[in-house]
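**Q** Take a look at the letters that make up each chain.
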Amino acid sequence: MRIFLQRLRRYSKLGYLSFIFLVIFYFIAFFADLFVPYNYTHQWLSKSFCPPTKIHFIGPKGHFHIRPFVYNYVIVNPALRTYKEDKTKKYPIFFFVKGPERKIFGIFKTDRYLFGVQKPAGIFLFGTDLYGRDLFSRLLYGARISLSISLIGVLFSFVFGLITGGIAGYYGGVIDYIIMRFTEILMVFPSFYLMLALRAAFPLSLSSVQVYFLIVLILSIIGWAGLARIIRGMVLSIKEEEYVLAAKSMGLSDFKIITSHIIPNTFSYTITALTISIPGYIIGEAALSLLGLGIQEPYPSWGNILSSTIGNLRVLTYDPWMLIPGFFIFFVLINFNFLGDVLRSVLDPKNW
Amino acid sequence: MEKILQIKDLSIFRKIISGDTQNIIENIDMDIFKNEIFCLIGESGSGKTTIALSILKLLPISFDIISGEILFEDKNIIKMNKEEMQKIRGKKISMIFQEPSAYLNPLMISGKQIEESIKENEPDKKSRVIKILKEVGLEEKHYFSYPHQLSGGMQQRIMIAMSIINHPLLLLADEPTTALDIITIHQIIHMLKELQKKYQMSILFITHDLSIGMEIADRIGIIYKGEIVEIFKPMEIENLSHPYSKKLFNSMIGRYKKGERIKITDEKNT
Amino acid sequence: MRKLIIKRLLHIIPLVIGMSFITFLMIRFSPGSPFTTLRMNPEISPATIAALEKSFGWNKPPIIQYLDWLKNICLLNFGISFTYHTPVLTLIKYRLKNTLCLALFSLSLSWILAIPLAVIAGYKENKFIDKVLSSIAYISISLPSFFVALLFVYFVSKTNVLPLGGTRSLFGANVTPYQHFADYLSHLLVPGLVLTFVNLGWIFRLMRNNFIDVYHSPYITTAWAKGLSTKKVLFRHAFKNAINPMLTILGLEIGSLLNGAALVEIICGWPGMGSLILHAVLSKDMYVVMGSLVISGVLLIIGNLIGDILLLLTDPRIKIS
Ligand SMILES: Nc1ncnc2c1ncn2[C@@H]1O[C@H](COP(=O)(O)OP(=O)(O)OP(=O)(O)O)[C@@H](O)[C@H]1O
Ligand SMILES: [Mg+2]
Numbered sequence: 001m002r003i004f005l006q007r008l009r010r011y012s013k014l015g016y017l018s019f020i021f022l023v024i025f026y027f028i029a030f031f032a033d034l035f036v037p038y039n040y041t042h043q044w045l046s047k048s049f050c051p052p053t054k055i056h057f058i059g060p061k062g063h064f065h066i067r068p069f070v071y072n073y074v075i076v077n078p079a080l081r082t083y084k085e086d087k088t089k090k091y092p093i094f095f096f097v098k099g100p101e102r103k104i105f106g107i108f109k110t111d112r113y114l115f116g117v118q119k120p121a122g123i124f125l126f127g128t129d130l131y132g133r134d135l136f137s138r139l140l141y142g143a144r145i146s147l148s149i150s151l152i153g154v155l156f157s158f159v160f161g162l163i164t165g166g167i168a169g170y171y172g173g174v175i176d177y178i179i180m181r182f183t184e185i186l187m188v189f190p191s192f193y194l195m196l197a198l199r200a201a202f203p204l205s206l207s208s209v210q211v212y213f214l215i216v217l218i219l220s221i222i223g224w225a226g227l228a229r230i231i232r233g234m235v236l237s238i239k240e241e242e243y244v245l246a247a248k249s250m251g252l253s254d255f256k257i258i259t260s261h262i263i264p265n266t267f268s269y270t271i272t273a274l275t276i277s278i279p280g281y282i283i284g285e286a287a288l289s290l291l292g293l294g295i296q297e298p299y300p301s302w303g304n305i306l307s308s309t310i311g312n313l314r315v316l317t318y319d320p321w322m323l324i325p326g327f328f329i330f331f332v333l334i335n336f337n338f339l340g341d342v343l344r345s346v347l348d349p350k351n352w
Numbered sequence: 353m354e355k356i357l358q359i360k361d362l363s364i365f366r367k368i369i370s371g372d373t374q375n376i377i378e379n380i381d382m383d384i385f386k387n388e389i390f391c392l393i394g395e396s397g398s399g400k401t402t403i404a405l406s407i408l409k410l411l412p413i414s415f416d417i418i419s420g421e422i423l424f425e426d427k428n429i430i431k432m433n434k435e436e437m438q439k440i441r442g443k444k445i446s447m448i449f450q451e452p453s454a455y456l457n458p459l460m461i462s463g464k465q466i467e468e469s470i471k472e473n474e475p476d477k478k479s480r481v482i483k484i485l486k487e488v489g490l491e492e493k494h495y496f497s498y499p500h501q502l503s504g505g506m507q508q509r510i511m512i513a514m515s516i517i518n519h520p521l522l523l524l525a526d527e528p529t530t531a532l533d534i535i536t537i538h539q540i541i542h543m544l545k546e547l548q549k550k551y552q553m554s555i556l557f558i559t560h561d562l563s564i565g566m567e568i569a570d571r572i573g574i575i576y577k578g579e580i581v582e583i584f585k586p587m588e589i590e591n592l593s594h595p596y597s598k599k600l601f602n603s604m605i606g607r608y609k610k611g612e613r614i615k616i617t618d619e620k621n622t
Numbered sequence: 623m624r625k626l627i628i629k630r631l632l633h634i635i636p637l638v639i640g641m642s643f644i645t646f647l648m649i650r651f652s653p654g655s656p657f658t659t660l661r662m663n664p665e666i667s668p669a670t671i672a673a674l675e676k677s678f679g680w681n682k683p684p685i686i687q688y689l690d691w692l693k694n695i696c697l698l699n700f701g702i703s704f705t706y707h708t709p710v711l712t713l714i715k716y717r718l719k720n721t722l723c724l725a726l727f728s729l730s731l732s733w734i735l736a737i738p739l740a741v742i743a744g745y746k747e748n749k750f751i752d753k754v755l756s757s758i759a760y761i762s763i764s765l766p767s768f769f770v771a772l773l774f775v776y777f778v779s780k781t782n783v784l785p786l787g788g789t790r791s792l793f794g795a796n797v798t799p800y801q802h803f804a805d806y807l808s809h810l811l812v813p814g815l816v817l818t819f820v821n822l823g824w825i826f827r828l829m830r831n832n833f834i835d836v837y838h839s840p841y842i843t844t845a846w847a848k849g850l851s852t853k854k855v856l857f858r859h860a861f862k863n864a865i866n867p868m869l870t871i872l873g874l875e876i877g878s879l880l881n882g883a884a885l886v887e888i889i890c891g892w893p894g895m896g897s898l899i900l901h902a903v904l905s906k907d908m909y910v911v912m913g914s915l916v917i918s919g920v921l922l923i924i925g926n927l928i929g930d931i932l933l934l935l936t937d938p939r940i941k942i943s
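Residue numbers (the working numbering), protein chains in the order written: chain L, 1 to 352; chain W, 353 to 622; chain C, 623 to 943.
Among these hints, one or two may not hold up.
[Unchecked claim] The calculated DSSO-like cross-link candidates involving lysine-lysine, where the alpha carbons are at most 27 Å apart (straight line), are: (1) W:K471 / W:K545; (2) W:K431 / C:K780; (3) C:K862 / W:K464; (4) W:K444 / W:K471; (5) C:K753 / C:K853; (6) C:K753 / W:K464; (7) C:K854 / W:K443; (8) W:K355 / W:K434; (9) L:K89 / L:K119; (10) W:K478 / W:K443; (11) C:K753 / W:K367; (12) C:K854 / W:K493; (13) W:K443 / C:K753; (14) L:K109 / L:K119; (15) L:K13 / C:K746; (16) W:K464 / W:K427; (17) W:K386 / W:K443; (18) C:K625 / W:K493; (19) W:K409 / C:K854; (20) W:K444 / W:K550; (21) W:K434 / C:K853; (22) W:K471 / C:K753.
Think of the hints as simulated: they come from the structure by calculation, not from any bench. Model, not experiment: these values are computed from the prediction.
Based on the sequences and whatever the hints tell you, model everything.
**A** Okay, structure coming up:
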């Protein structure tokens, strides 16, 4: 692993940067609780679709303030939902402020938030949604859901693909034939249609935990076929290599050969294949949630935050900050694609 | 005798990704006379192909000619632009490449690939191609064959047909016989020799096999690590001076001896 | 050659059977009979439901049911939509026409744009223009289709330059066929351009990489050595050989276009297969879901077949083996 990273760094600074970015992103998503100014359910009834809060350094009289501050936003036209800053009072931004008590990871109780301002003002870096919830906080919590689904989904497909593809490649014959035909049939469906149809095969209203695992299941069913075929191909090519033949002739068991020879030798290819396939899972989750078939309110995911803009030109036109999750998806995808490309060329023996 | 090609003090570098450069060819001087078969012999990686490619100005981008002249008909090829080169390539100087299977376009029938070399406005192109096909020992039907439908030897003959169809003054034959069996090698060598006499060409014949060189060359140049260490006529083979060419000569002799010995033991065994 | 095509065609049969079987499993074993929703609808008489149940053999053993269902879909009888009360086939026909128009529009536009740009970029490998074009392609690849659609809809709704949603805005008897066509096309533009942009990046990248691979291959050196002009080397040799493998992609594209189109259709309000299957899923209209799934699968198979056959026709190396 370390050698792998070193090689990556030496080969492409940018690829390494993508890797670091992604690690940071996943870190923030995992510890979302620690970074948010508000809880994801915290509603501000008077601040529906409030635009992103401006952060000021210069006061109304032209003085410079070391500590940045914000103004309270008051509604001007309730019908059009236009807001303006109330410049009469400044609300400086403080760190580790007190707020409503909450549980981190559902275990640790705390009433502190990383940053915030005094009520009635609020600090909404990315504005608020229909219910006046802070979009920034929801985005971070949403990242946790969206990114974890993609990781768990890819791991599920991978384990399943490893078992089936490994068996198909290693034993060949009838088993191989059956498994391969089955993957072929799965791949005949356009994945989006298959995803919706699989979703339709389950009840529409499920508890949030059920939905979460249902999405993981659906995405891994769809992603499994491709991975199984890749793994089968790798096993086939490695099976005939000399060190495996040597191990066989020494009488090692199949299991031992697979775990100690085949898997380590395909490690880097596998990592690349996984990196390349993760974007598909992120898009899949986002698409399902976007259409209202995935993660349900009040839980946030990148897809379901975006869903308020679909078929609703009003929101799209007047509250464009609701599109911000899309940029996050884009950012994560471009890093994954980049990393995938770089990994592919790092692995290419021509470039060593 | 009249010189058709003069290479003077040629040096070629290759840029490596890390920014360094690597010497491929160092200060080479060599001439090729009219109607001569000049044989360039050296081990793998010694820079033989590089020399041939530089004569056609077809070096890969990472290669740089840093000094020297290549004079053809008293003009320096290195200084020529694309249009001038187009007039020379395939018409006055043509090349047979090392691996015909990779150097033939897989999606084009062989006949068309040969026909392309002929100038745009000449008449009867197809019959000319068929004539040349017969000349190199192929048949009319091979006009319509795709390269993958031909054997290695036949592909090599297509390559040869392609390169001689315009009766060039100089033919660069880059190991035209590697990967072929002994009988085919001899057929092709003899065919080249006959074609050379017939069309009054000069040939730069590249090989790593000294015995082939002895068979067809008028003169032989030995190249070692990018430098030409010795140029001699086949009959002067016994008095070589450079240690590398001596080694090459001894290994050729040794191989024959070894071959004989194996034969003898084989007979004993049976 | 003909044998190969027949072999490919025969290969389709198990695929279609397997595909329909999986689809069948999904209807049959999803919780709740597809008729439950129907029963709750007071507008439909129990007699109709009974007739439907019978026509789909819902009370026979599953294997017989599957065979019946397979027979039915072979006769293009996909059942009746529970929400629209029309045969699924009628619904799909209309939607499919729109989806295919959308897909073909973006397919042709993205190829027309991407291929020449890819050749330019590949020819000028690592030069400024290549870097610019490749970066744009990278962005296009990394932007999810639904997000491009949302951004484009946002832009269009701000500027009002194009009609949004539906397939037409001109109605009445005195609309000439030409006006009708122009109207349809103008509605097609929003989803069409979005899908084109999404598709552009992939095609560009594949073609550029192909072109670069081919351009550095030995037979291009041969072409130069023959003294051919730059134009001939580029088009007769490099371009032809680079575009050849793209023909398989052309077939595969149908699948990816259907996928991309579905979301784009839903967001841009284009009445195609995407919004059909979505609404069917939301209202548990199982026969529509399954019909769309089978049809989309068949389209994908046809697409792959077209790609294979095109490659067979153009690549002489495959004929022999
Ligand atoms: N495409 C290339 N990339 C990197 N290095 C190259 C390339 N082509 C040639 N070289 C280097 O240039 C040197 C000379 O190569 P060249 O092809 O001229 O050798 P050669 O004498 O023709 O060998 P052979 O008998 O194997 O054909 C070699 O040492 C090789 O390392
Ligand atoms: Mg060589």
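**Q** All hints are to be evaluated individually against the structure, with a verdict given for each.
**A** Comparing the hints with the structure gives:
1. W:K471 / W:K545: The given pair, whose Cα atoms are some 25 Å apart, holds under the 27 Å limit.
2. W:K431 / C:K780: Violated, at about 59 Å.
3. C:K862 / W:K464: holds (14 Å)
4. W:K444 / W:K471: holds (12 Å)
5. C:K753 / C:K853: holds (23 Å)
6. C:K753 / W:K464: Given pair C:K753, W:K464 is violated - Cα atoms ~36 Å apart, limit 27 Å.
7. C:K854 / W:K443: With a Cα-Cα distance of about 16 Å, the restraint between C:K854 and W:K443 holds, given a limit of 27 Å.
8. W:K355 / W:K434: Roughly 24 Å between the alpha carbons, so the hint for W:K355 and W:K434 holds.
9. L:K89 / L:K119: holds (12 Å)
10. W:K478 / W:K443: Given that 27 Å is the threshold and the Cα spacing comes to 17 Å, the pair holds.
11. C:K753 / W:K367: holds (22 Å)
12. C:K854 / W:K493: holds (26 Å)
13. W:K443 / C:K753: Violated. W:K443 to C:K753 sits at ~37 Å, over the 27 Å cutoff.
14. L:K109 / L:K119: Distance ~22 Å between L:K109 and L:K119 Cα, so the pair holds.
15. L:K13 / C:K746: holds (24 Å)
16. W:K464 / W:K427: violated (32 Å)
17. W:K386 / W:K443: Holds, at about 16 Å.
18. C:K625 / W:K493: holds (24 Å)
19. W:K409 / C:K854: Status holds; Cα separation ~18 Å.
20. W:K444 / W:K550: holds (16 Å)
21. W:K434 / C:K853: Roughly 12 Å between the alpha carbons, so the hint for W:K434 and C:K853 holds.
22. W:K471 / C:K753: violated (37 Å)
Hints 2, 6, 13, 16, 22, counting from the list given before, are not met by this structure.
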